[in-house]
Amino acid sequence: MIASMKLIDLVDNHAERIAEQWAKNVVKNPMTPYYQKLAADRLIPQAVRLYHNFRNLFMEPKRAEASDGYFSKYAEARYKEGVPLHEAIYALILMRRQIWLYAEFQATFSTAVEKQQAIDSVSRTMLMFDYAMYFVTKKYRELMKLEWFETPNT
Amino acid sequence: MTGSLKLVNLIETHAEPIARQWARNVRKNPRTPSYHGIPEDKLVPVGMKFYDNFKQMFFTDKPADTSQHYFARYAEEHHQRNIPLNEALYALIMMRRHIWLYAEFQAIFISAVEQKQAVDSLVRTILMFDYAIFFISQRYQELIRQSIEEKLGVVNVLRMERPLGAKQGPYKTAIMIALVFSAFGLTYYYHAMLAQNIIFTHLLYIPIVLAGIWWKKKGILVAACLGGYLLLSHLLFLKGMPFTDDIIRAAMFLVIGTVVAFLSEGITRAEELYKPAN
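As you go down the protein sequences, you meet chains A and B in turn. Per this note's numbering, residue -11 is the first one in the first sequence, and the count goes up by one each step. Per this note's numbering, residue 187 is the first one in the second sequence, and the count goes up by one each step.
Treat the hints loosely; a few may be bogus.
Claimed, not checked - Taking beta-carbon pairs under 7 Å as the criterion, some of the chain B residues facing chain A (in silico):
hint, residue
1, 308
2, 314
3, 316
4, 382
Bear in mind the hints are in silico, worked out from the structure with no lab data behind them. Glycine included, C-beta positions come from ideal geometry on N, C-alpha and C.
Just need the whole structure built from these sequences, with the hints factored in.
As structure tokens, then:
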């Protein structure tokens, strides 16, 4: 866990800057065409919120439950905005990648010991985003069920 | 890329045991209950096929293009088995984890140089799985849209909308005007000519339901209009007859019109979500 602190601090301290980079990326990515029509000032806050919550989600002893709460709300918001599920998921993937691009840019992990820390951080970040994928798709499915009064196979 | 070769070799030579471990795990994981009833022998080939494709993705310059077809098929097979997307994705995530659990178990990244290779492999593996998650969820949406359109076959005829196609607005308006005027005429005929208050009002539900389907909340106006006309006609032509029945009828017009409007709005909203991204 200590090894991951460096990344957590980086994300928390540079949340706005990383979110701005993510917003620039997501509006021009061919896999997220829905986001192209959204203004940066609508996009940035959702990424900033996630990056500021990164520490809480990381430190939480029951990470799955914490992720469930946070990402279900995230999914609900995206669903209400009409974002297609696969794009909402890919936007999350881009948020995760942006952390790494920023971390690399800042040369946070350069020495041999730091490489080991990098592996640890990647693994933990991945675990958190794995939960994110699961809970976001699950929530979308539940919301669609409500809308359809039946169980579409999502 | 060189750093990743070690991992690819490991997957190539140990695809079967990795897939078997994955199959055992996915059959008991609480997040993948749909897999619990699938026999291990049926799951192992799924895992092995995936790991085989994974190797091919590693050696191509355009992994997204190479894998798109494979992941579309993967999604189709899982959708056919009625596995929800969240579980299909989690099973996929577990496939990735099992590569790493196996790699760790085999201790293939120990030295400092190997640690660097590990990071390289990790990053590339994640990239492959990111594409997988995207393509699978995209294909699932398409499949769901197809099944919705199939299920909505009759409803779409009533909605006078081609699946995801152009709306036929002018026809709807013309039909609705004809129906509403027929309803007015029918009400006048029964109230003014026959001085009767019998069950002809059931026919008025046709324009009410169609208006709700076609114009959603705006369609409630037709229900209100017909309800209002029914009450007015009663006041003018059926003096002395109990008013309560027609008040209840007019209220029911509004209730039915509102329910249909909300249902229609729900269908349209869900359809919007499944529309392919252009």
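Against the structure, test the hints numbered earlier, and report the numbers of the ones violated in rising order.
Numbers 2, 4, in rising order.
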